[in-house]
Amino acid sequence: MAILVFVESAEGKIKKSSLEAVGFAAAMEGDVTAIALGSEVDESELSSLGNYGASKVLHQSDERLNKGVIQAYSSVIAAAMESENADILVLANSALGNPVSARVAIKTDASLVSNVTELPDTSGEFTVKRSIYTGKAFATVSLTKTRKILAIKKNAIELKETGGSASVESFDSPLNDADFAASITSTDKTTGEILLPEAEIVVSGGRGLKGPENWGMIEDLAKELGAATGCSKPVSDMGWRPHHEHVGQTGVKVSPQLYVAIGISGAIQHLAGVNSSKNILVINKDPEAPFFKAADYGIVGDAFEVVPKLTEAIKAAK
Amino acid sequence: MKILVCITHVPDTTSRIAFTENNTKFDSNGIQYIIGPYDDYALARAVELKEETGGSITVLNVGTQETEPTIRKALAIGADEAIRVNAEPVDSFFVAKQIAAVAGEGQYDMILMGRESIDFNGGMVHGMVGELLGIPSLSPVMTLELDGNQATMTREIEGGKETLQLNTPFVAGCQEPIAEWKIPNMRGIMSARTKPLNVIEPAEDGTATKLEKFELPPAKGDVKMIDADNVGELVQLLKNEAKVL
Numbered sequence: 146m147a148i149l150v151f152v153e154s155a156e157g158k159i160k161k162s163s164l165e166a167v168g169f170a171a172a173m174e175g176d177v178t179a180i181a182l183g184s185e186v187d188e189s190e191l192s193s194l195g196n197y198g199a200s201k202v203l204h205q206s207d208e209r210l211n212k213g214v215i216q217a218y219s220s221v222i223a224a225a226m227e228s229e230n231a232d233i234l235v236l237a238n239s240a241l242g243n244p245v246s247a248r249v250a251i252k253t254d255a256s257l258v259s260n261v262t263e264l265p266d267t268s269g270e271f272t273v274k275r276s277i278y279t280g281k282a283f284a285t286v287s288l289t290k291t292r293k294i295l296a297i298k299k300n301a302i303e304l305k306e307t308g309g310s311a312s313v314e315s316f317d318s319p320l321n322d323a324d325f326a327a328s329i330t331s332t333d334k335t336t337g338e339i340l341l342p343e344a345e346i347v348v349s350g351g352r353g354l355k356g357p358e359n360w361g362m363i364e365d366l367a368k369e370l371g372a373a374t375g376c377s378k379p380v381s382d383m384g385w386r387p388h389h390e391h392v393g394q395t396g397v398k399v400s401p402q403l404y405v406a407i408g409i410s411g412a413i414q415h416l417a418g419v420n421s422s423k424n425i426l427v428i429n430k431d432p433e434a435p436f437f438k439a440a441d442y443g444i445v446g447d448a449f450e451v452v453p454k455l456t457e458a459i460k461a462a463k
Numbered sequence: 010m011k012i013l014v015c016i017t018h019v020p021d022t023t024s025r026i027a028f029t030e031n032n033t034k035f036d037s038n039g040i041q042y043i044i045g046p047y048d049d050y051a052l053a054r055a056v057e058l059k060e061e062t063g064g065s066i067t068v069l070n071v072g073t074q075e076t077e078p079t080i081r082k083a084l085a086i087g088a089d090e091a092i093r094v095n096a097e098p099v100d101s102f103f104v105a106k107q108i109a110a111v112a113g114e115g116q117y118d119m120i121l122m123g124r125e126s127i128d129f130n131g132g133m134v135h136g137m138v139g140e141l142l143g144i145p146s147l148s149p150v151m152t153l154e155l156d157g158n159q160a161t162m163t164r165e166i167e168g169g170k171e172t173l174q175l176n177t178p179f180v181a182g183c184q185e186p187i188a189e190w191k192i193p194n195m196r197g198i199m200s201a202r203t204k205p206l207n208v209i210e211p212a213e214d215g216t217a218t219k220l221e222k223f224e225l226p227p228a229k230g231d232v233k234m235i236d237a238d239n240v241g242e243l244v245q246l247l248k249n250e251a252k253v254l
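Residue numbers (our numbering), protein chains in the order written: chain A, 146 to 463; chain B, 10 to 254.
You may find that some hints are simply not true.
Stated by the list, open to error - Covered stretches of chain A, as calculated for chain B (at least 3 residues, CB under 8 angstroms):
id: 1; stretch: 198-205
id: 2; stretch: 214-223
id: 3; stretch: 274-283
id: 4; stretch: 316-330
id: 5; stretch: 339-347
id: 6; stretch: 417-429
id: 7; stretch: 441-451
These are calculated hints, taken from the structure and not from any lab test.
Even for Gly, the Cβ is constructed at its ideal location relative to N, Cα and C.
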């Protein structure tokens with residue numbers, strides 16, 4: 146069974162969520178070929194995908210693909226499914242992967258399921274489990290078409306290193322003007338920081354922080370934990386923090402190993418964005434804050450006192 | 010400017026989720042239904058664009074008769090007419106086919122919808138519609154400005170955003186802060202009663218997935234409370250119990 150995996154990179158490195166997608170495909174016991182697009186990804190990164198289970202990596206190193214052009218990406222990926230005879234495409238759920246995979250599904254007449262949380266069951270019909278209602282429930286669905294596309298939720302599987310190495314081949318699917326009908330004129334992106342949807346640990350602040358000038362202690366704690374920073378909706382609405390840090394129902398949904406909520410009361414819309422976290426730590430001065438009911442660990446206390454102490458204690462424990 | 014806004018009819022974001030019929034049906038008992046929050050952003054931006062440039066807004070929903078109050082609300086917010094495709098929105102593929110069929114008839118300059126529905130969270134329909142119609146599809150779109158038939162958008166990417174330029178027609182999956190949600194006023198509510206709501210039968214059949222069953226996540230264990238003066242204990246728990254440090 147040939148499986149194609151679309152991998153994304155950031156700052157030259159393959160994203161962790163894409164490594165998970167490769168690992169997911171390998172765990173399906175398929176013959177895994179990965180495909181990477183654009184000229185900015187390091188060649189050594191591509192061959193190292195073998196370490197996660199890919200036997201071959203296709204690379205279309207066209208610099209027009211250095212930005213995530215949705216139509217062009219979907220054309221190349223559909224062409225690669227065709228040329229590899231891959232009936233299955235696996236990719237990470239992401240701001241780029243999802244809109245791309247939707248177009249690929251139509252191009253290749255495939256069944257597509259996003260937010261996949263577990264390996265498929267192929268003993269009878271091909272079924273997968275996916276999260277629905279913004280993490281409040283799960284559905285098991287069968288994919289009824291011959292071709293299937295699975296967009297995997299982040300941190301859905303644990304990464305395993307196999308020690309293998311993959312061969313890298315160049316790929317050159319023709320692209321036309323229509324593929325670039327939407328032209329990306331500029332990109333405004335943080336660099337050198339851990340991306341929120343990719344993070345193992347997320348430290349978020351809410352209105353309890355009182356103002357953007359107090360974010361230093363959130364950043365200090367995040368740095369000590371190797372975490373990304375997030376925030377609640379009011380904080381993003383008031384412009385204290387950029388929108389791409391907003392965690393919740395209408396913002397980023399995260400599924401880290403540890404989510405730390407500081408000065409966030411835990412409205413149901415915020416919880417919807419974090420309920421797939423493996424562990425939740427809540428720090429709030431209000432013992433009645435609803436977030437404590439959804440937490441694994443809680444401290445009732447003033448964030449301005451507790452957070453610096455916690456940062457020091459973590460530093461000391463290293 | 011002719012704008013098609015596609016809306017979902019979904020449980021309110023505060024809903025408690027439960028299932029019936031041996032975990033094969035959503036339990037709608039006591040559930041308040043709303044326009045999908047992301048779709049509501051798309052609709053609000055459509056109303057603003059209509060105010061700026063003129064034109065008309067058609068709102069489209071794929072759903073059974075029970076979605077009509079939700080459709081009327083969209084008319085009250087500012088859509089001029091509505092189309093309901095009389096069918097259960099079985100999966101993204103099916104819904105995308107219905108939207109593409111309606112769009113193919115209507116010569117719309119843009120098709121707006123939410124980045125995803127908040128029930129199934131597929132986030133797929135806009136891309137499928139774009140591909141079916143052979144036009145660009147962008148999502149998640151945070152701002153949308155028009156100058157004649159040229160659109161400038163910003164799209165959220167991980168860790169930031171990108172700015173795009175393209176010509177109409179296109180499909181956009183919208184999210185905040187594209188516009189502020191609009192609350193219908195009394196005049197809107199009154200006029201919505203008489204605006205046309207056309208019911209049509211599904212154009213094309215065909216699904217790509219089949220629902221087998223639903224399940225709820227396992228119940229959460231009790232929270233362990235740690236004294237604010239004892240953060241050392243917390244660090245030990247994070248290290249040895251949660252194993253995250």
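We went through each hint and held it up to the structure:
no.	hint	in the structure
1	198-205	violated (count 0)
2	214-223	holds (count 3)
3	274-283	holds (count 8)
4	316-330	holds (count 6)
5	339-347	holds (count 6)
6	417-429	holds (count 6)
7	441-451	holds (count 9)
Hint 1 alone, counting from the list given before, is not met by this structure.
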